[in-house]
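A.B. asks: Sequence:
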Amino acid sequence: MRLLPFFNTLMLIGWATTASAADVAVTQSYQNAVRDASIVDAPEVRQDLLAIDPANPRLQWNADQTKIKVVTWKSQDSYDRFLKPYAQTSGDQAFVIWVSTAPEVQQLCQTFVRDHANASQADIELRLKQFLGLHPDWKYDVFVEMWVSPADLFRPCVDPEVTDSSCNLSFQKPYPEVRGIKDYPEFYKNLYFADFRSQPGVPWTGLGYTYDWGNPQNPKGASEFILKPSSSYEVINVTPTVAYCKTPAAQ
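Heads up: the sequence shown begins at 1 in our numbering, then just goes up one per residue.
Keep in mind that the hints were calculated from the coordinates and are not lab data.
Restraint-style ranges between C-beta atoms, simulated for each label pair:
| no. | residue 1 | residue 2 | range |
| --- | --- | --- | --- |
| 1 | V242 | S166 | 29 to 39 Å |
| 2 | Y192 | T27 | 15 to 25 Å |
| 3 | Y192 | A243 | 27 to 37 Å |
| 4 | P185 | D115 | 39 to 49 Å |
| 5 | K173 | N237 | 39 to 49 Å |
| 6 | G91 | D159 | 16 to 26 Å |
| 7 | P185 | R114 | 34 to 44 Å |
| 8 | W98 | L169 | 14 to 24 Å |
| 9 | Q76 | D183 | 30 to 40 Å |
Virtual Cβ for every residue (Gly too), placed ideally from N, Cα, C.
Go ahead and model the full structure; you've got the sequences and the hints to work with.
C.D. replies: Have a look at this one:
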């Protein structure tokens, strides 16, 4: 039987459904996603990941075309403690920052707001958590847009280069190296175990895109990247979630 996208399912059972029924549906959808993402199959490899290329019209560059705009979703506390006071990421590979390129996420949530005029803040936040493969109970408050150098990004997959549009299924020798990461294959393996062996689990694809657990028939979410340890960044905007989804994306 064909599954409906998760938010359409909620619409069918009614926005006024009891909180407990909605919570059960959300939890079950998330758990299904974690299980599905834990086993990677060849058909899940995508050929349409965002490539970091000056010729790519889906990216936003600064005036001299040396840096691209990326965005990360954070709690206010996390931003205030770990991003705002600094202009460089931690040198510790355990504290890397995950980002997507602007305006991909903003366009998704703008479309959701347009198509669901009565959506509450909680509805908007849930759709974003689905698209970005995040746990429904985690707290996020602001979108942080930053200028970064393309050379400071890598894709969290077995072939971490960012200039192509796909990820491989397995490592090939010689093993890739990433600046600031001591042993990249070990780093990648640890990401897998941290996501799937720890509770509550994360539906991480390892294929360069987030797992959209709100759309299980086609769960490709955002193209995802990581800022290398000790990478410079310049914060451009810090915008509350709902405002970000209602603000026209900069060109």
